[in-house]
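**Student:** As a plain string of letters, each chain reads:
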Amino acid sequence: MESSKTENLDKEGVTMKHTFSSTLDSKEPKGPIAERWTKYKNEINLVNPANKRLIDVIVVGTGLAGGSAAATLAELGYNVKAFCFQDSPRRAHSIAAQGGINAAKNYQGDGDSTYRLFYDTVKGGDYRSRESNVYRLAEVSANIIDQCVAQGVPFARDYGGLLDNRSFGGVLVSRTFYAKGQTGQQLLLGAYSAMNRQIGRGKIKVYNRHEMLDVVIVDGKARGIIARNLVTGEIERHSAHAVVLGTGGYGNVFFLSTNAMGSNVTAAWKAHKKGAYFANPCYTQIHPTCIPVSGDHQSKLTLMSESLRNDGRIWVPKHMKDAIAIREGKLKPTQLTEDDRDYYLERRYPAFGNLVPRDVASRAAKERCDAGFGVNATGEAVYLDFAAAIMRYGKEQAFIKGLDEMNETIVRELGKEIVKAKYGNLFQMYEKIVDENPYETPMMIYPAVHYTMGGVWVDYNLQTTVPGLYAIGEANFSDHGANRLGASALMQGLADGYFVLPYTIGDYLSNDIRTGTIPTDTKEFDEAEKSVQENINHFINNKGSKSVDYFHKKLGKVMWEKCGMSRNEKDLKEAIEEISLIRKEFYKEVMVPGTANEFNEELAKAGRVADFLELGELFAKDALLREESAGGHFRDEHQTSEGEAMRRKEFQFVSAWEYKGEPKDAVLHKEELVYENIEVKERSYK
Amino acid sequence: MMNLTLKIWRQKNASDKGSIVDYQVSDISPDMSFLEMLDILNNQLIEKGDSPVAFDHDCREGICGMCSLYINGEAHGPDRKVTTCQLHMRKFKDGDTIYIEPFRAKGFPVIKDLVVDRGAFDRIQHAGGFISVNTSGNTQDANAIPISKHDADKAMDAATCIGCGACVASCKNSSAMLFVSAKVSQYALLPQGQIEATDRVLNMVQQMDEEGFGNCTNTGACEVECPKGISLENIARMNREFMKASIKS
Numbered sequence: 167m168e169s170s171k172t173e174n175l176d177k178e179g180v181t182m183k184h185t186f187s188s189t190l191d192s193k194e195p196k197g198p199i200a201e202r203w204t205k206y207k208n209e210i211n212l213v214n215p216a217n218k219r220l221i222d223v224i225v226v227g228t229g230l231a232g233g234s235a236a237a238t239l240a241e242l243g244y245n246v247k248a249f250c251f252q253d254s255p256r257r258a259h260s261i262a263a264q265g266g267i268n269a270a271k272n273y274q275g276d277g278d279s280t281y282r283l284f285y286d287t288v289k290g291g292d293y294r295s296r297e298s299n300v301y302r303l304a305e306v307s308a309n310i311i312d313q314c315v316a317q318g319v320p321f322a323r324d325y326g327g328l329l330d331n332r333s334f335g336g337v338l339v340s341r342t343f344y345a346k347g348q349t350g351q352q353l354l355l356g357a358y359s360a361m362n363r364q365i366g367r368g369k370i371k372v373y374n375r376h377e378m379l380d381v382v383i384v385d386g387k388a389r390g391i392i393a394r395n396l397v398t399g400e401i402e403r404h405s406a407h408a409v410v411l412g413t414g415g416y417g418n419v420f421f422l423s424t425n426a427m428g429s430n431v432t433a434a435w436k437a438h439k440k441g442a443y444f445a446n447p448c449y450t451q452i453h454p455t456c457i458p459v460s461g462d463h464q465s466k467l468t469l470m471s472e473s474l475r476n477d478g479r480i481w482v483p484k485h486m487k488d489a490i491a492i493r494e495g496k497l498k499p500t501q502l503t504e505d506d507r508d509y510y511l512e513r514r515y516p517a518f519g520n521l522v523p524r525d526v527a528s529r530a531a532k533e534r535c536d537a538g539f540g541v542n543a544t545g546e547a548v549y550l551d552f553a554a555a556i557m558r559y560g561k562e563q564a565f566i567k568g569l570d571e572m573n574e575t576i577v578r579e580l581g582k583e584i585v586k587a588k589y590g591n592l593f594q595m596y597e598k599i600v601d602e603n604p605y606e607t608p609m610m611i612y613p614a615v616h617y618t619m620g621g622v623w624v625d626y627n628l629q630t631t632v633p634g635l636y637a638i639g640e641a642n643f644s645d646h647g648a649n650r651l652g653a654s655a656l657m658q659g660l661a662d663g664y665f666v667l668p669y670t671i672g673d674y675l676s677n678d679i680r681t682g683t684i685p686t687d688t689k690e691f692d693e694a695e696k697s698v699q700e701n702i703n704h705f706i707n708n709k710g711s712k713s714v715d716y717f718h719k720k721l722g723k724v725m726w727e728k729c730g731m732s733r734n735e736k737d738l739k740e741a742i743e744e745i746s747l748i749r750k751e752f753y754k755e756v757m758v759p760g761t762a763n764e765f766n767e768e769l770a771k772a773g774r775v776a777d778f779l780e781l782g783e784l785f786a787k788d789a790l791l792r793e794e795s796a797g798g799h800f801r802d803e804h805q806t807s808e809g810e811a812m813r814r815k816e817f818q819f820v821s822a823w824e825y826k827g828e829p830k831d832a833v834l835h836k837e838e839l840v841y842e843n844i845e846v847k848e849r850s851y852k
Numbered sequence: 072m073m074n075l076t077l078k079i080w081r082q083k084n085a086s087d088k089g090s091i092v093d094y095q096v097s098d099i100s101p102d103m104s105f106l107e108m109l110d111i112l113n114n115q116l117i118e119k120g121d122s123p124v125a126f127d128h129d130c131r132e133g134i135c136g137m138c139s140l141y142i143n144g145e146a147h148g149p150d151r152k153v154t155t156c157q158l159h160m161r162k163f164k165d166g167d168t169i170y171i172e173p174f175r176a177k178g179f180p181v182i183k184d185l186v187v188d189r190g191a192f193d194r195i196q197h198a199g200g201f202i203s204v205n206t207s208g209n210t211q212d213a214n215a216i217p218i219s220k221h222d223a224d225k226a227m228d229a230a231t232c233i234g235c236g237a238c239v240a241s242c243k244n245s246s247a248m249l250f251v252s253a254k255v256s257q258y259a260l261l262p263q264g265q266i267e268a269t270d271r272v273l274n275m276v277q278q279m280d281e282e283g284f285g286n287c288t289n290t291g292a293c294e295v296e297c298p299k300g301i302s303l304e305n306i307a308r309m310n311r312e313f314m315k316a317s318i319k320s
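Residue numbers (the working numbering), protein chains in the order written: chain V, 167 to 852; chain W, 72 to 320.
The following block holds chain W by itself, in its conformation from the complex (with noise of 0.2 Å):
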């Protein structure tokens, strides 16, 4: 069992400056989760009658993206290829602090405490993070193109990014090539995605400068920190597709 003290970033809503708040917990236990130690924390918190740390989560199990939180310094905390859901107390020690902030970048506003705003990137999407297919059922069948193994797998690499934001509140420019790569990624690897492959690049691009977000500087820090593993590689096939685009238009 441990004792911890949590340094959490406070901040009643957009407009309020906010500002770091000091809470004890006691008795974590290491098979614990990070938001479960989160809840035991809210629960004191609500039966002293004082206001819950907000923060944001759903699935619990590191898919849904939903969970964010920059801990000790590091977008989902010191564990590897995991969410801040999927972080458990056993990563830390009896008498640690902890410093708990939201994921910070111009583009993710806070809405309160621990809680951002990420319509940034259902914007980028919007501008083209699809293939336009009506849904009505009658393409052609599924195995009429066939798809080499690779690229396949490739492309569900790239597929499995959860739209988190770890990459833009890890890199020094803010910056979300890595989140807009995956997506573009996805689709350029597909025979399927070329169709449009030009204007999607170009309108996704677009808009993610219009948010605000940075350009890449290939520190990687990006690649370290997203809990999905996406690779670098993505920057660079997206940059290629852009060049490409650029020329073409």
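If we strip away everything but chain V, and leave its shape as in the complex, we get (with noise of 0.2 Å):
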């Protein structure tokens, strides 16, 4: 395991090598996939309910994974204190998911199974994730559900009652179950009432403004957490048997991005310098439909949800004179024949259109804006269109209600009230921000950062690299491999929370059965706490003279130009060096005004951008590794002549990275990727 070895690649006749300290072993079971977490289920060890009510389990984040694990556990009898940041556990950012959430239900007929669902989210993941847990993800994505609809979430049904779907990105059936557009906020707020229910019965002790801001390592094991509370501003130690994080991704490493403004690596990030490794931190999703970046004010940016694809056309002008007639104001979109407009997606993917994956979508918007065809002042945004939509749905309407189909301004008033239907809450979010009728002008959209496939590397237990410390939902690099699809993040979340943790994580604590109660008054707790207060006391007493933002914007600015949709060599060595040099003036002159002792988020804010400060440099590392495009990962050296995204075999693994003090100098460990149920091919939507 520990001997350091060295690997040949082959890169176009050059050799070219990179060490790497060890090969990770997934613990995945053997045996034909669509038996292995039956069968690993049958074998593992159990904790009887008697016992449970011995064992404590910290749970940090109450989102969707962190939420729905929270309410499981107590149920199952475990003692469970759950954190947040937020004011009440609804808040977590699961919230703002809008589009829906998939499930292999084939209730449509049109040929959907659990190997489909597998198979397209391998193939999306463009062929790097881990075959075992996606298959068991897409195996209980049924039962999420039957499970959401029995505790009461209102998705969306026809008239006969039944559940109603719409199809996403990347899949050519619909799989996809939704609340209007906001499926996020329905599902968490199903996962916020269970945990009502285990918190009424005593059996859920929420800490509300409450952050994490260590994990305690006891013999080896995660035995606990240090975390401040956000109101009085007191160091808290909270002991448990078991330490779960489900908190979410990393995107505001962006300082811009979809996340929510707290939304931080921290919990993730003192995890990883306790010793649990860090997988593929490069693997971004840059969202394509996002509201363009108006101006320097922006705090952060909104995402415009994808089921949005499956009616809006996304076209550029043709012609460079009518691009640059329309970003100067002279020409209205409106205005452009058919003819003079290039439907890029329509012409590029015929089989997929404007339904390609997150990631195609993205890249071949920012080649049309780089080219020159960009349609705002800024020349970074493209035109998701209705118009095409209204009419067609339209035309339906009146012919359903036997009105003049050749009337336009009926068909248009009919169709429109279809698309208001479907997507009202969306449209009027647009106008809001905007301050454009996008029934009537086409929206502009730009890809901006919003989910981050990285995070903490797990095992199939969801183990982290730490006996006793988990991760669960986005917060570890699981099953999406360096793409996610539509739809897939609610999916993953509630299998994490609802059905998968609350067995695997039985198996670890049927050892634990008679530690009895993990005291808080040992040398462990007593130097974490110690190195928490000191890096708060040093925030405070600096006395610099630039505000958190200011390094925070700094950062962002480097990795969307360096690490962003399209990376190459030289720029990420200049991101490492840059990003280093930023967090040693981040040291020296942040400006933290107040007190330890108070409610202060400018104190809460810097010690989320110290910890951006170190993943951005080993996110950039990472990206400089991988000497290959994969997924959201797309290095300039690597594509085809027509620009697609370019896999290398060699690159057939996860980076789990471990912390060795600078990030710089972290060292790397490898899980190789075995396809054994699928045949990896080159991924093609055309």
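No wet-lab data here; the hints were simulated from the structure. Heads up, a few of these hints could be off.
Listed below are several chain V residues computed to face chain W (Cβ distance under 8 Å; list not exhaustive) [what the hints assert, rightly or not]:
{"hint": "1", "residue": "S234"}
{"hint": "2", "residue": "N245"}
{"hint": "3", "residue": "D253"}
{"hint": "4", "residue": "A316"}
{"hint": "5", "residue": "G318"}
{"hint": "6", "residue": "R363"}
{"hint": "7", "residue": "D385"}
{"hint": "8", "residue": "N476"}
Glycine residues also receive a C-beta, built at the ideal position from the N, C-alpha and C atoms.
Could you use the hints to bring the two separately framed chains together as a complex?
**Tutor:** See the structure below:
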């Protein structure tokens, strides 16, 4: 395990070497893939109900993964402590997921199956995810829908009273369940309601407005956390027999992203510094349909659900002169005839058209804008146009209602009603932000950072490389490979929390039935608390000249320009140096007003940005190592003559990094990815 | 670009008396969101070494329910069907004076400046805001009970409540009826929610009363200020549910 190995990689005739320390064991069960999870469940150790009440579990984060895990563990009888930095578990950022949740129910009879969902997810992830995990995810997906309906989640239904589905990018079936454009909200409120039931029974104790600032390791096992009460500033010790991180992704390393303002990497990063390997940090999802940046004042970006691509057509002007005229405000998009428009996704990918996966759609938008066809003042926007959909639906309605299908005014009004019913809240959101009516003029969109496929490395049990420390949902690197398909994040969060972790953690906790309560007055807790306190004191006493946001924006700019939608060796090497310099300046110059013993948002932000400044550097290092293009990771050096991503067989592994002080000194461990049930092919959506 | 005078409620902590303090901000773009305008103010304050104005916010896209603010006497400000984070400065004009206060209600004590404690809403949900079904996944097939589209849509409309508390802040009685009725209605409209309907409405209403929220006198202010357009109809439905439950129990 520990011996250092060197691999020779052929790179167009040049021999390239990179060293790695060990090969990680995923602990996947053996045997036919469809039987693995069942077999695994039959063979693990269980904890008897009377013993469960002797065991404490800490769950950090209360989104879909953390919330569902906390509720389920409490139902099983464990004593759960749940932590969130928001003022209520219901506000976790899962709430903002719009479009839907995938499940292999095959209610539409269009050929869906567990295997097909598994296949689509592995292919969509560009063959960089673990087969056994993805198959398990597909297998439990149908249960999620049953569970949520039983909880009272009001999914959309058709007139017969049965559940409705829509289609999402990268697949050929309709398997996405949805609740208007607020699916994440409804699923999260479902998980929150399950938590509430357990809170009412006293089985979950919730710590709102608390932030985890370290994980405490005792005898090599995760045995608790240090948390800061964000209202009083008090530093608290909490012990448990296991710690679960459901703390989401790290998209805010880019400063501008669709993440919530508070979304951060701190819990995951502290775990990394205490021994948990961090996997594939460079796999980032840049979502194609976001509202373009309007100015320097911008604090965050807003996503427009991918479901809009079901009906919206994406285009830019065909001729440069039109694009220039539009940018200068001399021409309106609605004045351009069909012949003068370039529906570039339909042109390049006729089979999938506007429903290609997110990474493909994002790069295609960037390609057109880089070529000079962008349609807003900054030149970084493309159109998402509903005019055709409005007319198509309108004609259908006119026919149904026996009205004149040739009367454009009637048809348009009827069509608008249908589009409004489907996407009304999204259109309203767009209009409030941009001040333009998307029913009348095409929306403008541009890609933005949305989701991170990378995260804490976990084995099949969702356990990190630290025994007793688990990571679930977006916080782990898990099931999406190098690119996540739409409507799969909600699926994974709930699968991990409701149906996977509660089993796998039992196997581990079965060894702890005689351990008794973990004391917090030990040297391990002392040391962890001391280092947290020192860090806080540094920020408060520093009295520098620049705000936390100044550094966060500076980091974000480097990340977006050099580690964004396309990356190359030169940029990445520069990014590593630049980020390390920003970090030095940050510790010297940051200004945090106020004291440590009060509600102090700047202090909380300083801690988060400090961790982003380390993660960013590892991110660039990982992107530099990965000399291939896969999913959301695109290297300029590795593309086909048509500009498509080029994967390389030598990189069919997970890169898992071990912390060794400076992020640039992190040591690589590998998990080789084996595909026995799917043939690894060039991903084509043409 | 606009120059504005801000009159902001500053209160160090729960026990501080608090007062309105004046601030000036300049070069505000109409494309900024209201919170981005406050970010600019806070940046100015931080660079001067002053304490920034504390306010709750997170998703900044109108869904998490974290942001609050009582702006010029209205919860979430002058625009309709938006949260404060979605309110844009184009709703104001150069030279305006803007009053910014916390959501005020006995049930929402101030933590600091514009940040209030809405824990009462959580406690009302603990009392009955759920359907008692284990998360084993071994329930019946999701399509086993058809639900009429009409009911499903109505349940969805009620379920879109984001729990921000604007209804309470807007009500002269500080009533939480719109919030509580949205949850009660969501479950009352669905067959899954029927089994526990009696206990649910009684327990949730009892908790609501214990938290110090007032009663409903049908002024309808809550509905007007609700960023999600939750209808007063839900309060009527909750009253019916409550009446039914009271007779039964």
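**Student:** If a hint holds in the structure, say so; if it doesn't, say that too.
**Tutor:** Cross-check of the supplied hints:
With a cut of 8 Å, the hint placing V/S234 at the interface with chain W holds, because the nearest CB-to-CB distance is about 7 Å. Proximity of V/N245 to chain W is violated relative to the hint, the smallest CB-CB distance being about 17 Å (cut-off 8 Å). Evaluation of the V/D253 hint against chain W yields a held restraint, the C-beta minimum of about 6 Å falling below 8 Å. This hint holds: V/A316 has a C-beta 4 Å from the nearest C-beta of chain W, less than the 8 Å allowed.
About 5 Å separates the beta-carbon of V/G318 from the nearest beta-carbon of chain W, less than 8 Å, and the hint is met. With its C-beta approaching chain W no nearer than about 4 Å, V/R363 sits inside the 8 Å limit, and its interface hint holds. Here the hint on V/D385 is broken, as its CB sits about 32 Å from the closest CB of chain W, past 8 Å. Interface restraint check: V/N476 against chain W, minimum CB-CB distance 19 Å, threshold 8 Å, status violated.
Figure legend: structure checked against the earlier numbered hints; hints not met, in rising order: 2, 7 and 8.
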